Structure formats: C-alpha cells, structure tokens
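Let the hints inform the model, and build the full structure from the sequences given.
With our numbering applied, the sequence shown covers 29 to 928.
Hint data in this document are derived by calculation from the structure and do not stem from the laboratory. Don't take each hint at face value.
Straight-line Cα separation of at most 20 angstroms, EDC-like style, residue types lysine to aspartate or glutamate; simulated pairs [what the hints assert, rightly or not]:
1. 905 / 859
2. 599 / 376
3. 602 / 745
4. 462 / 406
Simulated restraints, written as ranges between beta carbons of each label pair [unchecked claim]:
5. 455 / 730: 21 to 27 angstroms
6. 615 / 821: 49 to 55 angstroms
7. 718 / 570: 43 to 49 angstroms
8. 570 / 521: 26 to 32 angstroms
9. 488 / 561: 31 to 37 angstroms
10. 570 / 395: 33 to 39 angstroms
11. 629 / 725: 37 to 43 angstroms
12. 614 / 436: 42 to 48 angstroms
13. 807 / 770: 23 to 29 angstroms
14. 833 / 903: 43 to 49 angstroms
15. 696 / 722: 23 to 29 angstroms
16. 678 / 873: 23 to 29 angstroms
This structure is a prediction, so every number in the text was calculated from the model and none was measured. We put the CB at the ideal spot given by N, CA and C, even for glycine.
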Amino acid sequence: MMDGFSFDQAIGAKSDSHSSVKSSNDLKLKVNNYGTVNNHSNLASTNNHIKMKDGHISKSKDSHSSSKHSSSSEKHRDGHSDKPKKSSSSDKHRDSHSDKHKDKHSEKHKDSSKHSSSSSSSTSLDKHGSSSSSKSSSHNSEKHKDRHKEKSSSNDKLKEKSKHKPSDSSTVKSEKSSEERKKERSEHREEKIAKANVVKTEHTSIKTDSKHMNNMSSSKHNSVTSPLSKISPSKIKREPMSDDDIPLIKRKPDDVAIKKMKVESDDEPLQEKYKAKIQAEKLKAKERREDIENRKRKAEEAIEPIKKKKIKKEIKNEVESPTKGRKKKDNEEQQTIWKWWEEERREDGVKWTFLEHKGPLFAPDYDPLPDNVIFKYEGKLMKLSQDAEEVAGFYAKMLEHDYTKSEIFNKNFFKDWRKVMSSSEKETITDLKKCDFRDMHAFFTEQSEERKNRTKEEKLALKKRNEEIQAEYGYCIMDGHKEKIGNFRIEPPGLFRGRGDHPKQGMLKRRTQPEDVIINCSKDSKIPQPPSGHKWRKVQADNKVSWLACWSENIQGQTKYVMLNAASRLKGEKDWQKYEVARRLYKHVDKIRATYREDWKSKEMRIRQRAVALYFIDKLALRAGNEKEEGETADTVGCCSLRVEHIKLHPEIDNKEFVVEFDFLGKDSIRYQNKVPVEKRVFKNLQLFMENKQPGDDLFDRLNTATLNKHLHDLMEGLTAKVFRTFNASKTLQEQLDLLTNPEESVTAKLLSYNRANRAVAVLCNHQRSVPKNFSKQMENLQNKIKAKMDVIKEGKKQVKDAKSDYKNLKTEKAKSMYEKKKKQLERLQEQLCKLEVQATDKDENKEIALGTSKLNYLDPRISVAWCKKWEAPLEKIYNKTQREKFRWAIDMATPNFRF
29 MMDGFSFDQA IGAKSDSHSS VKSSNDLKLK VNNYGTVNNH SNLASTNNHI KMKDGHISKS
89 KDSHSSSKHS SSSEKHRDGH SDKPKKSSSS DKHRDSHSDK HKDKHSEKHK DSSKHSSSSS
149 SSTSLDKHGS SSSSKSSSHN SEKHKDRHKE KSSSNDKLKE KSKHKPSDSS TVKSEKSSEE
209 RKKERSEHRE EKIAKANVVK TEHTSIKTDS KHMNNMSSSK HNSVTSPLSK ISPSKIKREP
269 MSDDDIPLIK RKPDDVAIKK MKVESDDEPL QEKYKAKIQA EKLKAKERRE DIENRKRKAE
329 EAIEPIKKKK IKKEIKNEVE SPTKGRKKKD NEEQQTIWKW WEEERREDGV KWTFLEHKGP
389 LFAPDYDPLP DNVIFKYEGK LMKLSQDAEE VAGFYAKMLE HDYTKSEIFN KNFFKDWRKV
449 MSSSEKETIT DLKKCDFRDM HAFFTEQSEE RKNRTKEEKL ALKKRNEEIQ AEYGYCIMDG
509 HKEKIGNFRI EPPGLFRGRG DHPKQGMLKR RTQPEDVIIN CSKDSKIPQP PSGHKWRKVQ
569 ADNKVSWLAC WSENIQGQTK YVMLNAASRL KGEKDWQKYE VARRLYKHVD KIRATYREDW
629 KSKEMRIRQR AVALYFIDKL ALRAGNEKEE GETADTVGCC SLRVEHIKLH PEIDNKEFVV
689 EFDFLGKDSI RYQNKVPVEK RVFKNLQLFM ENKQPGDDLF DRLNTATLNK HLHDLMEGLT
749 AKVFRTFNAS KTLQEQLDLL TNPEESVTAK LLSYNRANRA VAVLCNHQRS VPKNFSKQME
809 NLQNKIKAKM DVIKEGKKQV KDAKSDYKNL KTEKAKSMYE KKKKQLERLQ EQLCKLEVQA
869 TDKDENKEIA LGTSKLNYLD PRISVAWCKK WEAPLEKIYN KTQREKFRWA IDMATPNFRF
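Right under this line is the structure:
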C-alpha cells in the first residue's frame, strides 16, 4: 500500500503538459481493468489516496491546459460539484483516513453494479467483491498496483459518471438517455482534440512519458461510447499475464523495450504517425552520432602520428633557432635599448655630463680556518697568525698545481709570505720544503666539493644574493640612462700567476683597500660611500675619461680600472670609431705602401728599419710591441722589439726565394712560428740589420713603438700600428667570405665557409691555442655518431627503394604517400649527416686556432651582420647573446650590401 502511494506521488510530479492526455485516455484504461480493480479491497484504499491526490493535481493542471481542454475540464469539475447531492460518500471524503477507506469500498461497489438502486444492495455486493477478491488477488493485485499510479485521474472520472446511475433519493434509476450519451461523446471528442494539441507542442515530454503512452495501448478494444451500465465484473474476460501485468520493479530493466511497444488507441493514426516520426528521428540521430564518432576516431588515429611528428619538428626548429622562442622577450628589451648611435656624436672629447654609481665592491674579509685544520712545520703542529694563515692558504689551494713545482713561483711566494709573518714565525719558519700544507689543502678541497654539490635551494639562494649585488653595484646612471658596469668587483688577494715563465709569478697580490681607490663621478651626483671605517683616496669629476674607479696593483704597478660593460655606449663608440679608422685606411694604404717601399732605399738606417718594420706589420699583421723593463715581465716581443735570435734568413728554401723564418713568443707567451717569402730589398735590408750583432741584440735597434706611431700619425690622422692589424684582419675576412661563400650551398655549408674565413684571419693574427685535453675523445664520439648516421641512411635508402617499387606496382595514393614520406626522411637524415661531417671538419681545423679573439677585437662586426642578412644565415650561429649585445649598434646599422 505505502509503496504504491509513494510511487504515485512521484508520478504526480510529472509535467503539466500531459494532464489532458492522461485524463482522456485513462478512462479507456479503466474500462479494461475495472472489473479487476473492484475485486481488490486492499487496492480500494490505494485508489482512495490516488483519487485525493489526483483531484488536487487535476485542479492545478487545468490552469495550464489549452482552451478546448479547459472547457472539457470544466464539465469534469461540474461532476465533482454535484457529488455531494448525488452521493453521501462525497461528504465522507473530508473525514478521517479510516472513514474514507470504508466509503471508497462502497463507492467502488456502486460503480461496478450500476443496475442496483439501493445502498443495502451495495453492501451485499461489497461483501461478494471481498470474497471474490481473495480468490483472484494472486493474479491481479500486482497488475493493478502497477496501474494505480497511471489511472488515478481516470478512476475519478469513471466514479463520477457511475454516480449518475445508482438509485438515490435525488438520482434517476434508469440508464443514460441518448442526450447524455451525445454529451459524453462531445466531451470525449473535445478531450481528443486537446490531447492532440498537447502532443504536438510537447515533443520532449512525450519521450519521458513513454511508459504512460504504452499503458494507453491496452485500451484499444474498449469502446468509450458503450454504456458503462452494461459492464459487469462477471462478464469481463480474464486475459493471460502480459507485460502490463508485470510489477514495476521487475519491468525496470526492460524500459527500452517498453518504449518501443506499439501504441493502440482510438487516436491510433495521430499517435502512430507522431511516434513513428519520433522513433525515426531518434534512430537517425543515434546513427549520425555513431557515424560521427567513428569518423572522428578514425581521423584522430590517422592524424595522431602526424601531430606527434609535427610537434617534434617544431621543438627541433625551436632548438635550432634559440632566439625564436624569445622573440616577444627580445622585442620588449628592444623598447628599452638606448640607440646612442642614432644620436649626434660628441667631438669635444667629453664622455658624459652626468655619472652616478655605488663604487666598487671590495673582497670579503678573511675568515680564519677552523681549529681542526692544522699547519705543521718539521712535523710539529704550529698555530699561525691570521695574516700568515691567510697567505699560507693561498699556497695550500694550489698545492697540486704545476705552479708549486716552479722554482721561481716558490721563491717569490716564500719571500712575500715571510713579510706578513710575526717575528716568532719568521724565526721558526725558514725553509718552505719543511712546511706541511696537506691538511689545509684537504680542507679547501672539501669546501670546493661542497660548493659543487650545493642543493637546488642553496644555488637559488646564492643566485638571488648575486642578483641583489648586481642590482646594487652592477649599474650606473650615465646621462639619464642606466648602463651596465663591466668589472665592479675588486680582485681579492692571492698569488700572482702570470703567463708563461713570468719572473714575478708566486708574488703576493695584496688586498686592495678603499684608501687605494680613486672615485670618478659627477659633482651633482650622490657620492658613493666607502666601507665603514675607511675613506676614498680621492673623489674626482673628470668627464674626459670613461672609467668609474681606479687603483694601482702592487705586482707590476699597473693601474686597474672599473669600466662600463662591453655593450655600453662608451665601449660601443670606441669600437665603432676603431673600425671607422680602419675603413679610412683603405683610402691611404696605397700611398703609405708606396712611401715605405721608397724608404727601403733610404740612406738613413733608422728610416730603413722603420720601413721594413712597417712592411712586416702591414703584411704579417704583427703587433708593434712595447718597450718594457727587463726582468719585469715575461720574455714576449713584438715587431719593434724583435731580436736577432728571433729570425733566420733563407735565400732559398722549399723552392722559395728570400724566405724569412720567424720564431718568438708574442703576447700572452703565444709562440709565433712562420716562414714567409719577402721581397728582395727587404731580405737584403735584414741582412744589413743583422751584421755584427749578437743573437740577443735588437734587430731594429734604431726604432721603437713611439717613433713608429708618430710617423704613422703623420701619414693619416688616428693611424697607429694597431690599426693596420685591424684593417688587415677585416679586409681578409671580407675577401675570404666573397671567395668561399657559395650561394647554392645550404646554410650549414655557408656557416662552414664563414668559419674558414674567420680561421684565415686567426692564422694571420697568430691567434693560436693548445690542443684541448679531451679533443681526441670528442672527435672519437663525433666519428661514432657519423658512422651510426651512415648506417641509418643506408637502411633509409633501402626503404625508399622498396617504397618506390610498391608505388609503381600498386599506383595507389597510400603507396605514393609512403614513398614521399620515406624520401623526406632520407633527405633529413642526409642533412643531419652533413651537419655532423661539417662539425667534425670544423672541430679538427680549429683544434689549434682561437677564433674568438679576432672575431671580437679585430673584425668589423658589420661584415658578419651583412653576410648573415644577405645569405639568411642565423646570426646566433656567429655571435652568442653577450656578443650580440656588444655589437647591437652594428646589427642595427649594417645592411645586406655593407662592404668593409
């Protein structure tokens, strides 16, 4: 009882749009199942609840129905309004639940026995119905429980109409008159029309109420127009169990099948037409969805490998072009770039009008060693003073280095170390060989390993500290622009190393104090503050110089400067001016060459020596060389400081006449070895210069760098021996690029041509280097890669051949696509092999050549920029990010047609 009532409440919550459909069709359902309903006394109570619920629902639903349906509903409500006059059971409807239960039994009996006229006969029939109900309840009870929720409104209508039949004090005992039947028919017709209108307008609701429509199908064989008084429970034919007789719980899994049941009713043509249309549309929609999903899935399966391949290619392109991914960032940076080269240049020598900075950053104070780190002398533990311990630590850090094996290094170190010792330490420590630095060395090695193995958090913290220091000390304000400072840190104390066998290696570089530093800034700027307890040596405002601070170091007495970064305006202007002077030399070089050729025949020895030296500087790009005190620096020489021992004359060698063989140490102790055929007059003059001289005597004993540069300045304003070196280097690069660049070659091949042109300049300028220690291993790995790539290409060629054969035989689009795919794969592999081979060639040719020095200091960057723009070569393959910042002015200036 409660289950049926609860479910009925849920059914009562259906949409209002179907109220008329239920009210018109459930009447037919009632006729078919009415006899069975009366046989169940237990279900009578349920119908009583349903009636009460449906009575409420029908009132609310009527307000939303169509106009025709509303008129029909009004007639239906009239029947309800007459009920108190026609039946006493309507009064009892307002009583308690138990009273309503009893009254509904009597009403049910009256409906089933319309030929009876008295209430007593109603009672007897009620008893009879009760007995018959017990016999047939097993067959029909579940069936009618399932139907009660759908038939509540129809039960009310049938009962209202049946109330016109029973005899009462105020009712007629005869059957309906023909007029009443006509009236009934018109009501049904109006209800049918209303139902059709609702069906047309409520498409989506029909789907949700398909169960209700299926229940309507069972009412087809019952005629609405037949007199209800002729229906008797005893005459109703019992039918076998159908789907409608199955309880709702058991029918739940078969909802889909129930929805597809054929609808049969008096409105069969309309319902069948609409239902067929809905089902056809649903079927088509389902087929379309399945078809779309299948096609989408197939397309995704076909496209997925292509997508992956495309993504991989895009990633590869991003790797090949480092600036591509940072295009937006670079554009933002360009907005803040100071394009000083577009401004008017100063000619008065003034470098700036306003300069403000924070001064240099001093090295941190010494941190004494822990007590467990010991120093031993003659095997005995000895505690050193703080200054002596600091200097001893410098030596301990280099204990395994080759410098500590040098006699000069050890001698200079021990001499300077004793200067910082206390008097007692000087008396005790008299021999460096008796000192034991091993424990100190182990401590410093452990610290070094800890620094290498820092955690990610420690590295980030260190990076943050460095960024904060850079932000505070690494920038200055010059003429309203923020410029980056190059070397704002003062070098910490340590042991001087030098290059080659420098005579001062091992000497102590003392700690620089603020009292040693001169500050240069504008008068109206904020003067940088020295460290607490110190003061500056001097503060000045000299706008004719570009340095920010300076001090003298104690080893060679040289002045050290804090300068702006290479990308700054002052540095860029200096580079630009240098290359412009070298370009101007083009206009004067023929005249200068003619002059020194004439001077080879001069009667004065100094003029002849100057002319021959200038010939070597011009032809061999030798450095002029500077005068220096003997024993103060390494034994390095330039053109003007060559000695007799540095050259050998060969009248003929290797089928060449008048050959001069050079062998000396140049700048940074780089050895220069070269055999050069020279002109006959030059060869004879050299023989003359070497007469009656010892190997250690100067070759050009009547010449120095100052007199040479003075002579060059007379020939062309701004001309020095160094300009010749810059001129010849840039001229050689331009000529080699014109000679080696092949327009038909790939970008990779063009880059190899550029490196070869750069290499020719490096050889000219003697920019050599020692072969890297891991060079052999690197070349071995590169050759293995080349070999593996060749094997892959061999297999790729076989696949292309097979794919081509398949295409010729099958002549299908799929075979053609596969053939094209294999061809492209092979082309990519061959391109990769070409890059590896170029890389191997380049590495082998550069093993003893340093390209960077000439590229940054002697080659006009506009030559390289113009070449890249002309041949569409990536500039990042020529210059890295720092170098591109340094030559930003050239990148902006140079056009593809620029010529040096």
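Evaluation of the provided hints:
1. 905 / 859: holds, 17 angstroms
2. 599 / 376: holds, 17 angstroms
3. 602 / 745: holds, 16 angstroms
4. 462 / 406: Judged against 20 angstroms, a Cα distance of about 5 angstroms means the pair holds.
5. 455 / 730: 21 to 27 angstroms: Violated: the Cβ-Cβ distance is about 54 angstroms, outside 21 to 27 angstroms.
6. 615 / 821: 49 to 55 angstroms: Given range 49 to 55 angstroms: holds, Cβ gap about 53 angstroms.
7. 718 / 570: 43 to 49 angstroms: holds, 47 angstroms
8. 570 / 521: 26 to 32 angstroms: Holds, at about 29 angstroms.
9. 488 / 561: 31 to 37 angstroms: Roughly 33 angstroms apart at Cβ, these two residues keep to the hinted range, so it holds.
10. 570 / 395: 33 to 39 angstroms: holds, 37 angstroms
11. 629 / 725: 37 to 43 angstroms: violated, 24 angstroms
12. 614 / 436: 42 to 48 angstroms: About 47 angstroms separates the Cβ atoms of residue 614 and residue 436, which means 42 to 48 angstroms holds.
13. 807 / 770: 23 to 29 angstroms: holds, 26 angstroms
14. 833 / 903: 43 to 49 angstroms: Between residue 833 and residue 903, where Cβ atoms are some 45 angstroms apart, the hint holds.
15. 696 / 722: 23 to 29 angstroms: holds, 27 angstroms
16. 678 / 873: 23 to 29 angstroms: Holds, at about 28 angstroms.
Against the hints set out earlier in the document, violations occur for numbers 5 and 11.
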